[in-house]
Amino acid sequence: MKKFSKIRLFALASIVAAASPMAVLAATDSDNTVINANLGSTISLTTSGTVTLNVTPVSGGSQTSASDSLSVSTNNTSGYNLTLANNDTTTSLQSGANTIGAHAGTHASPTALANNSWGYAIPGGNFDASYSALTNVTSSSTKWAGVPSSSSPNTLKTTASTASGDSTTVWYSVKADTTKPNGTYTDTVTYTATTNP
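Numbering-wise (my numbering), the sequence shown opens with residue 1 and increments by one.
Think of the hints as simulated: they come from the structure by calculation, not from any bench.
Ideal Cβ positions, reconstructed from N, Cα and C, are used throughout, including at glycine.
Treat each hint with caution, since some may be false.
What the hints assert, rightly or not - Computed spacing ranges between beta-carbons, pair by pair:
no. : residue 1 : residue 2 : range
1   : 54        : 188       : 13 to 21 Å
2   : 138       : 104       : 18 to 26 Å
3   : 135       : 183       : 16 to 24 Å
4   : 139       : 77        : 42 to 50 Å
5   : 31        : 161       : 31 to 39 Å
6   : 98        : 129       : 28 to 36 Å
All chains, full assembly: derive it from the sequences and hints.
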């Protein structure tokens, strides 16, 4: 009798378990989204603003030079390109109707500054390794190039990484004799700093 009761109880428990509802498992899925923050390139350029060359002419020519200080900052990882040109199509320093023409030397082939002309120099490369201020010297072998017109700027520098206050010194010089009337001879140059692609 005991044995029979155990069998009946087991069968009964099986029937009850079969009649109970089954546990429901939650369904789940996942996916990813990539967040891209595209930062544009920025660049800034500052200069000294004015370079003054005081010349006292003599019959054989008197030469004075001074420098301009440039500073470039960019977040561009490919760096930047720096160019120089006249801000218009003329290349002469002008005082009314009087002019001092651009030196015939070029960036690729700079030469000693000719009388009654003006030019620029970047230390190193085709130019001299270093420059210092000249004040009314009558003879100098330093090398100079004429500033080109706005239509054909010269490249002064090319970099390949970000920059913070990257400095460049550009020298300017003028040489004049007593055939040039006194006055302030003026022109404007334009530097352009462009991020590299």
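Here is how each hint holds up against the structure:
The given range of 13 to 21 Å is respected by residue 54 and residue 188, whose C-beta atoms sit roughly 19 Å from each other. For residue 138 paired with residue 104, a C-beta distance near 20 Å keeps the hint of 18 to 26 Å intact. Distance hint check for residue 135 and residue 183: the Cβ-Cβ separation is about 19 Å, which falls inside the suggested range of 16 to 24 Å. At about 47 Å, the CB distance of residue 139 to residue 77 agrees with the hint of 42 to 50 Å.
Restraint check, residue 31 to residue 161: a C-beta distance of roughly 37 Å satisfies the suggested window 31 to 39 Å. Judged by the Cβ atoms, the range 28 to 36 Å given for residue 98 and residue 129 holds: they are separated by roughly 35 Å.
Violated hints for the displayed structure: none, as all numbered hints are satisfied.
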